[in-house]
Amino acid sequence: MLDRLYQKVILEHNKAPNNFGSMADATHSARGTDALCGDDIQMWLRVTERTIEKAQFSGEACAVTKACASMLTEWLEGRGVDEILPAFEAFQALMDDADRPPVEALGQLNHLRSVGAFPARRANAYLPWKTVLEAMQIPSGLT
Amino acid sequence: MLDRLYQKVILEHNKAPNNFGSMADATHSARGTDALCGDDIQMWLRVTERTIEKAQFSGEACAVTKACASMLTEWLEGRGVDEILPAFEAFQALMDDADRPPVEALGQLNHLRSVGAFPARRANAYLPWKTVLEAMQIPSGLT
Amino acid sequence: MTAERADKDVRGLDVEAIRREFPILQRRVHDKPLVYLDNAATCQRPRQVIEAIDGYYRDYNANVHRGVHQLSVEASEAFEAARAGLARFLNAPSDREIVFTRGVTESVNLVANSFVRPTLSAGDEILITHMEHHANLVPWQMLCEHTGATLKVIPMDGNGELLLDQVSELINERTKLVGVVHVSNALGTVNPVADICQIAKDRGVPVLVDGAQATPHLNVDVQALNCDFYCVSGHKMYGPTGIGALWARAAHLEAMPPWQGGGEMIEHVTLDKTTFNEIPHKFEAGTPHIAGAIGLKAAIDFLDDWGIEAIAEHEQRLLAYTTERLSAFEGLRIIGQARAKGPVVSFVMEGAHANDIGTIVDHFGVALRTGHHCAMPAMQFFDVPATARVSFAAYNTLEEVEAFVAALERAQGMLKQ
Amino acid sequence: MTAERADKDVRGLDVEAIRREFPILQRRVHDKPLVYLDNAATCQRPRQVIEAIDGYYRDYNANVHRGVHQLSVEASEAFEAARAGLARFLNAPSDREIVFTRGVTESVNLVANSFVRPTLSAGDEILITHMEHHANLVPWQMLCEHTGATLKVIPMDGNGELLLDQVSELINERTKLVGVVHVSNALGTVNPVADICQIAKDRGVPVLVDGAQATPHLNVDVQALNCDFYCVSGHKMYGPTGIGALWARAAHLEAMPPWQGGGEMIEHVTLDKTTFNEIPHKFEAGTPHIAGAIGLKAAIDFLDDWGIEAIAEHEQRLLAYTTERLSAFEGLRIIGQARAKGPVVSFVMEGAHANDIGTIVDHFGVALRTGHHCAMPAMQFFDVPATARVSFAAYNTLEEVEAFVAALERAQGMLKQ
Ligand SMILES: Cc1ncc(COP(=O)(O)O)c(C=O)c1O
Ligand SMILES: Cc1ncc(COP(=O)(O)O)c(C=O)c1O
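Chains as they are written, first to last, in the working numbering: chain S, 10 to 152; chain A, 10 to 152; chain Y, 13 to 429; chain R, 13 to 429.
These aren't lab readings, by the way, just hints derived from the structure by calculation.
Even glycine gets a Cβ: it sits at the ideal position worked out from N, Cα and C.
It is possible that some hints are incorrect.
Stated by the list, open to error - In silico lysine to aspartate or glutamate, DMTMM-like type, Cα no more than 20 Å apart, as pairs:
1) S:LYS139 with Y:GLU290
2) Y:LYS164 with R:ASP284
3) A:LYS139 with A:ASP49
4) R:LYS44 with R:GLU421
5) R:LYS44 with S:ASP12
6) Y:LYS188 with Y:GLU157
7) S:LYS24 with R:GLU342
8) Y:LYS44 with R:ASP71
9) A:LYS139 with R:GLU290
10) S:LYS139 with S:GLU62
11) R:LYS285 with A:ASP49
12) R:LYS44 with Y:ASP71
13) Y:LYS428 with A:ASP12
14) Y:LYS285 with R:ASP395
15) R:LYS164 with R:ASP177
16) A:LYS17 with Y:GLU421
17) R:LYS285 with Y:GLU137
18) R:LYS188 with R:GLU266
19) S:LYS139 with S:GLU98
20) S:LYS24 with R:GLU421
Stated by the list, open to error - Derived, one-sided and incomplete: chain R residues facing chain S with beta-carbon distance under 8 Å:
21) HIS365
22) ASN367
23) ASP368
24) ILE372
25) GLY383
26) HIS384
27) MET388
28) ALA398
29) LEU427
Okay, chain S solo, but in the shape it has when bound (with noise of 0.2 Å):
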């Protein structure tokens, strides 16, 4: 169980990071704390027409936030705005039930289903989604 929360793929986003670095020309950007772990990052968008052309993150994390954010990032680049929220629920979906089939639309982001069997990790999986949503002003209905 540890093996799959601490698998390759999470660790080496954790280690270098990919869209890692602040954004001059963001279009949106919000800071997402979660101060009882100590993370605090900030997620950086380029929007155009409501399309994501460029997003990054900054900030300090542990590795689960990290890797989500990283992966997250990535995911990002080319969505529509309206894609991001169905995607969290899925992803929220895929957190709560490990029988669950990958969700395809998630690419990458599916190893991070793992996250799902630790129960006091998962806001760090859950953070970066919610900063972009802030970002972008998107009610995400999840406290």
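Given the coordinates of chain S, assemble chains A, Y and R with the ligands onto it according to the supplied hints.
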């Protein structure tokens, strides 16, 4: 045990207390209440040159309080004001130690020692004393 | 669930089976079997509550909400499951609307300090009833004293029923809150809370309900009542001491500033500025009474297992029987004769002070309560210094009522001597 | 007491015997023996505490202070005996100076609202330290925000020691209270509380001490410290959840208005006017956490039985050994290196977030805490987002430290991959 608490002499004082009623020419008076159990008495004293000429009580109270007030008012008559606190201390000591021999000076108040075995009722036996001390403005150190 | 229990609806409550769940009922007092009729003060705890507390301490004791380790995860889940259980029990729309407190007293103080106080000014009014427990009276008095607001009171009649027709006159544009006890601990009266809420809500006035004596005996549905705040004490409903809750509408909780400050209730703290956590955590400063919440959940399960309607039916039978038996006593007066009553009988007896009654029946094993029951204004209304009170729970029996009546006869005889 | 225990002073603490007193230590986590190193968050409970709670519920459960019946008398006596036990444990001059609360958080809020708030004006100052737990920070922030008073801070150095020489400058005629944590839960620092009290008392300023992490590890003597308020949490000192206390000088308690209103804290109530009970009851509104107080008394007995000095000596050995073992880790930095420390080691490790460390070692059975430990300003001072923290109790062993070190090596290896 119960029979000793509700012994004849106590029940008689309860039913037909001595010195019952308010006193028009009292020099000292105080109200004593025990809100918890509903006792609400007034102790009345007529004092001349630090001698208690007459003591009375009025109000509503349980058998223990009434019997004590009745006996205490009898005891007080003719006593010096300075005798009250030492007598009360002897009375308390009686309550704390069932094996202690009766204290002659307390007279019939010795009957009340059986209250000592009923921790929830001690406050009743102390109330008339405390009220007299308050009427005389003698600090009792008892809370 | 055993077959015995499953058919409880057909043949009523299996009281003997319930009694076996309460270890304390084996106890003897002054060499007599314990007859515990002081349930309105605090009731006894069934095995499953005691074992839930025990189980937490033996198996997964840890602090909640802040840990990644296994024990902490288990403790947090159990703690939040307790919140969810209580929400469901009260039919609250959301778990987020349950704030854990020490009991009704703290719940009322929380509402007084956090909801009412910030907007209360001199001349404003708080409306309560003449039969409130001090818990739903003193906090308002203190607040009124502090702000110059006025405490007004819904009167009652000689049976201990509220004069409902006066409520709408008593509410005006200065009324900031109506506070009402659901079931009076001193008189037994079950108040028409839904009606009062309707009147108040028509005028836009929020209503707080003191549910201390309701949750063990009634099916409480905060949405059906349409109140704004509902206060609960665990120890009155078979749960542990030191735990209770406030249910409040989420919109109120969100608008309310926090009351106590500390860990858990914050989101982010610097020396200069602090942001607060989401509801309900914003109101739960410090380490909560984790074992208490878990025990309370077990108490709710107990009530659900046996069925609160079946319990209430049984208790009403005890109430009716006791009322009838007491009416045979010379000089005995029942204080509180409302048509709808919880299983509480308060009484006074000529020539026998409540305190003496209490002491004497105790020596026959009967535990009842004497005094003002923390409802002194109600005592003043009935012009009695104190009453003796018997109050019932699921495990009481008609035989116990008989034992009490016999002991009371002895008390009367003894004091008459 | 067995012979084994009697000679504890000669040959140190019999840790194996202590371990047998803690049922939870039999537990396995992720198929490994539980290594519980999260004691600063909440420690485990010995059998005698669990049984004291159990015993109350099984044998003499009743409400306190208001009953004449036997159970109520027994419960009241046990409850008041707990108060007396705690008074003695803290060397308080009088039982009347012990107010039961839910824990340190509520104790501080009580002092903030009842002692400080009534006299606090804009421009006044409260002085705390940079290493306070949120419990002794947020209530003062809220109060300052409300009144326009200013919160000032005693700074610390890079080891986590207070700059004592700055204290007298920081105190002035506007300082209304000094608040200081006795032992820091985040850094381990044992603060020179007696010295701070001396400086403050010379200037006539009262001092509140947060004793959450002190009572399980130090012999606390409030008279020797010469403080004004001392705050305690039961669950940090082997006691139950939901119970704690405030010790305060009687003169302060007498001068303070009540904070929460309700039953128990009143003497006489009418609809127009209420008079309050004596101390400490004036501050204990509502039904208290009776089982909690009784359990806390058992925890004090536990500490007395084994001897707090012997326990502390053992814990200091664990602290020294852990500090040494951790110094061998590459990229590991211990946060908080004061000369006098409680048994707490906070650390960060390069390339390994505290949260990930926590999750990984948990899978080897090791429970430690990660995060800000409710001391965010201290985290900000050391410029770390979070730390991992191990903290010890009487039942921990050197073998457990080894198990933790081995698990930490695995975590470091895993995250480095
Ligand atoms: C130093 C310190 N102060 C205060 C507290 C708060 O204690 P409680 O949560 O029991 O109120 C804690 C524990 O969390 C602590 O470690
Ligand atoms: C009607 C009513 N309200 C409030 C309370 C206070 O509850 P607690 O003491 O649990 O805070 C009680 C019990 O004493 C009660 O019976």
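Now for the hints, and whether the structure bears them out:
Distance check on the hinted pair: S:LYS139 and Y:GLU290 sit about 15 Å apart at the alpha-carbon level, within 20 Å; holds. For a cut-off of 20 Å, the pair hint linking Y:LYS164 to R:ASP284 stands: about 10 Å separates their Cα positions. Proposed proximity of A:LYS139 and A:ASP49 is supported: the alpha carbons are some 13 Å apart, at most 20 Å. As the CA atoms of R:LYS44 and R:GLU421 are separated by approximately 17 Å, the hinted pair is consistent with the 20 Å bound.
A threshold of 20 Å between alpha carbons decides the hint, and for R:LYS44 with S:ASP12 the separation of about 16 Å falls inside it, so the pair holds. Simply put, Y:LYS188 and Y:GLU157 have alpha-carbon atoms about 15 Å apart, close enough for the 20 Å limit, and the pair holds. Restraint check for S:LYS24 and R:GLU342: satisfied, since their Cα atoms lie roughly 17 Å apart, inside the 20 Å limit. Restraint check for Y:LYS44 and R:ASP71: satisfied, since their Cα atoms lie roughly 14 Å apart, inside the 20 Å limit.
With a C-alpha separation of about 15 Å, the suggested pair A:LYS139 and R:GLU290 falls inside the 20 Å cut-off, and the hint holds. At most 20 Å may separate the alpha-carbon atoms for a hinted pair to count; S:LYS139 and S:GLU62 meet this at roughly 19 Å. Our distance criterion of 20 Å between C-alpha atoms is met by R:LYS285 and A:ASP49, whose separation comes to about 17 Å. Using a Cα cut-off of 20 Å, the hinted pair R:LYS44 and Y:ASP71 holds, with the two alpha carbons roughly 14 Å apart.
Distance restraint check for Y:LYS428 and A:ASP12: the Cα-Cα separation of roughly 14 Å lies within the 20 Å cut-off, and the hinted pair is therefore satisfied. This hinted pair checks out: Y:LYS285 and R:ASP395 have alpha carbons roughly 17 Å apart, not beyond 20 Å. This hinted pair checks out: R:LYS164 and R:ASP177 have alpha carbons roughly 15 Å apart, not beyond 20 Å. At most 20 Å may separate the alpha-carbon atoms for a hinted pair to count; A:LYS17 and Y:GLU421 meet this at roughly 18 Å.
A hinted pair counts as satisfied when its Cα atoms are at most 20 Å apart, and R:LYS285 with Y:GLU137 qualifies at roughly 16 Å. Taken as a hint, the R:LYS188 and R:GLU266 pair is honoured in the structure, with Cα atoms around 18 Å apart against an allowance of 20 Å. Taking the CA atoms of S:LYS139 and S:GLU98, the gap is about 11 Å. The hint holds against a cut of 20 Å. Between the alpha carbons of S:LYS24 and R:GLU421 the distance comes to roughly 18 Å, so the proposed pair stays at or under 20 Å and holds.
Hint on R:HIS365 holds. Least Cβ distance to chain S is approximately 4 Å, under the 8 Å limit. Using the Cβ-Cβ criterion of 8 Å, the hint placing R:ASN367 at the interface with chain S is satisfied: the shortest such distance is roughly 4 Å. The interface hint given for R:ASP368 holds, since its Cβ lies 5 Å from the closest Cβ of chain S, which is under the 8 Å cut-off. For the restraint placing R:ILE372 at the interface with chain S, the shortest Cβ-Cβ distance is roughly 6 Å, inside the 8 Å limit, so the hint holds.
Annotation: interface hint on R:GLY383 holds; nearest CB of chain S at approximately 5 Å, less than 8 Å. Given the 8 Å rule on beta carbons, the hint for R:HIS384 holds: about 6 Å separates it from the nearest Cβ of chain S. Of the supplied interface hints, the one on R:MET388 holds, with its beta-carbon coming within about 7 Å of a beta-carbon of chain S, less than 8 Å. Interface restraint check for R:ALA398: the shortest CB-CB distance to chain S comes to about 3 Å, inside 8 Å, so the restraint holds.
The criterion of a C-beta within 8 Å of any C-beta in chain S is met by R:LEU427, whose closest approach is roughly 7 Å, and the hint holds.
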